[in-house]
Amino acid sequence: MNTDEYKKIVDRLTPKENKSKNALLAFFIGGLVGVFAEGIVSILIHCFALSRTEAYLWTCLIVILISCFFTALGFFDNWVTKAKAGLILPTTGFAHSVTSAAFDYKRDGFITGIGANVFKLAGSVILYGILSAFFFAILGVIFYG
Amino acid sequence: MNFLSAFLFAGGACFFAQLILDNTKLTPGHVTSIFTILGAFLGFLGLYDKFIAFAGGGATTIISNFGYVLYKGAYLGFQEQGIIGLFAGLLTKGSCAIVGAVVFSFIFVLIFKPRD
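Note that the protein sequences, when read in sequence, are chains A and B. For the first sequence, the numbering used here gives the first residue as 1, with consecutive numbering after it. For the second sequence, the numbering used here gives the first residue as 146, with consecutive numbering after it.
Please note that a few of the clues may not be correct.
[To be verified] Result set (DSBU-like, lysine-lysine): computed pairs, CA atoms no more than 30 Å apart in a straight line:
no.	chain 1	residue 1	chain 2	residue 2
1	A	K7	A	K19
2	A	K106	B	K195
3	B	K258	A	K16
4	B	K170	A	K120
5	A	K19	A	K120
6	A	K8	A	K21
7	A	K106	A	K82
8	A	K7	B	K258
9	B	K170	A	K21
10	A	K120	A	K16
11	B	K170	A	K19
12	B	K258	A	K21
13	A	K82	A	K120
14	B	K170	A	K8
15	A	K120	A	K106
16	A	K82	B	K258
17	A	K82	A	K7
18	A	K16	B	K170
19	A	K8	A	K19
[Said to hold, decoys possible] Some residues of chain B that are not near chain A, with every Cβ distance over 10 Å (derived):
no.	residue
20	D167
21	L192
22	K195
23	T206
24	I229
Note that these hints are calculated values from the structure, not bench results. Where is the CB? At the ideal position from N, CA and C, for every residue including glycine.
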């Protein structure tokens, strides 16, 4: 069997997912996460007299706390599998990846397990975030002074 | 009104992310990295400030905001301290997400048992 035939068979046997349904679900769930965050921002501004900037930071932290907690309780994995990009793209996905990596490698110990693997999934976001931010900041300095 | 724009912005971003996931061979790791880089790029263009003004929490909750705050930290770091500020300032504003995720994960991993 040559590679082309093999590829055809793989393509045929890969389960087809309903793409438009997935995208609409991601839109809806992601939108709800956005509304939830904006709700916390409003509460913090009106009830705790925070500035908008501080409220964004607190909201970021609260969203991360909730997703870490839900991941620790175990049911967030299913939510992420179902909602896909709707929960992966928000900060919930970042927190989820860190927490689930910590849990997955707990049995390998604190250093070689958790320590070595906690950024296994979130590491690429941090790495390329830092690199791109550094690069664009230099461009920003050149362009805007 | 704010809530509607938060819904549309966050939802729209997730919509495109899902389209990329479904129509290419890229993994969630690729997609989140791409959106982070995109956030830094939009921050450079000055567009992400406008997105946050438009969508509020909807714009600060998606991962692109992480790229944006890293860019902002490095850029403002340079304004305050020069070249060393690029290095010293980059993580200042993005610190919240990383530290939060690490601290909460570690607390929970100590308290809860891993699932199989």
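Hints versus structure:
Restraint check for K7/A and K19/A: satisfied, since their Cα atoms lie roughly 21 Å apart, inside the 30 Å limit. Of the supplied pair hints, the one linking K106/A and K195/B is violated, its CA atoms being roughly 42 Å apart against a limit of 30 Å. A C-alpha spacing of about 35 Å is found between K258/B and K16/A, which places the hinted pair above 30 Å, so the restraint is violated. Between K170/B and K120/A, the direct Cα distance comes to roughly 20 Å. Compliance with the 30 Å bound is thereby established for this hinted pair.
Using a Cα cut-off of 30 Å, the hinted pair K19/A and K120/A holds, with the two alpha carbons roughly 28 Å apart. Of the pairs offered as hints, the one joining K8/A and K21/A holds, with about 25 Å between alpha carbons and a cut-off of 30 Å not exceeded. Between K106/A and K82/A, the direct Cα distance comes to roughly 25 Å. Compliance with the 30 Å bound is thereby established for this hinted pair. Between K7/A and K258/B the CA atoms are separated by roughly 41 Å; this puts the pair beyond 30 Å, and the hint is violated.
For the hint pairing K170/B with K21/A, the CA-to-CA distance comes to about 18 Å; that is within 30 Å, so the pair holds. Taken as a hint, the K120/A and K16/A pair is honoured in the structure, with Cα atoms around 28 Å apart against an allowance of 30 Å. For the given pair, K170/B sits about 14 Å from K19/A by alpha-carbon distance, which is consistent with the 30 Å threshold. A hinted pair counts as satisfied when its Cα atoms are at most 30 Å apart, and K258/B with K21/A does not qualify at roughly 35 Å.
Annotation: proposed proximity of K82/A to K120/A holds, straight-line Cα distance about 22 Å (limit 30 Å). For a cut-off of 30 Å, the pair hint linking K170/B to K8/A stands: about 15 Å separates their Cα positions. Only pairs whose Cα atoms come within 30 Å are accepted, and K120/A paired with K106/A is accepted, the gap being roughly 13 Å. Distance restraint check for K82/A and K258/B: the Cα-Cα separation of roughly 24 Å lies within the 30 Å cut-off, and the hinted pair is therefore satisfied.
For the hint linking K82/A to K7/A, the alpha-carbon distance of about 27 Å falls within 30 Å, and the restraint holds. In summary, the hint linking K16/A to K170/B is supported, as the alpha carbons are separated by about 13 Å, within the 30 Å threshold. At roughly 20 Å between alpha-carbon atoms, K8/A and K19/A fall within 30 Å of each other, so this suggested pair holds. Not every C-beta of chain A lies more than 10 Å from that of D167/B, the closest at about 4 Å, which undercuts listing it as non-interface.
Every beta carbon of chain A lies more than 10 Å from that of L192/B, the smallest distance being close to 12 Å; the non-interface claim holds. Here K195/B stays apart from chain A, with its beta-carbon at least about 14 Å from theirs, past the 10 Å limit. For T206/B, the condition that its CB be more than 10 Å from all CB atoms of chain A is violated, with the nearest at approximately 4 Å. In this structure I229/B is separated from chain A by more than 10 Å, as the shortest Cβ-Cβ distance comes to about 13 Å.
Taken one by one, the earlier hints fail for this structure at numbers 2, 3, 8, 12, 20, 23, listed in ascending order.
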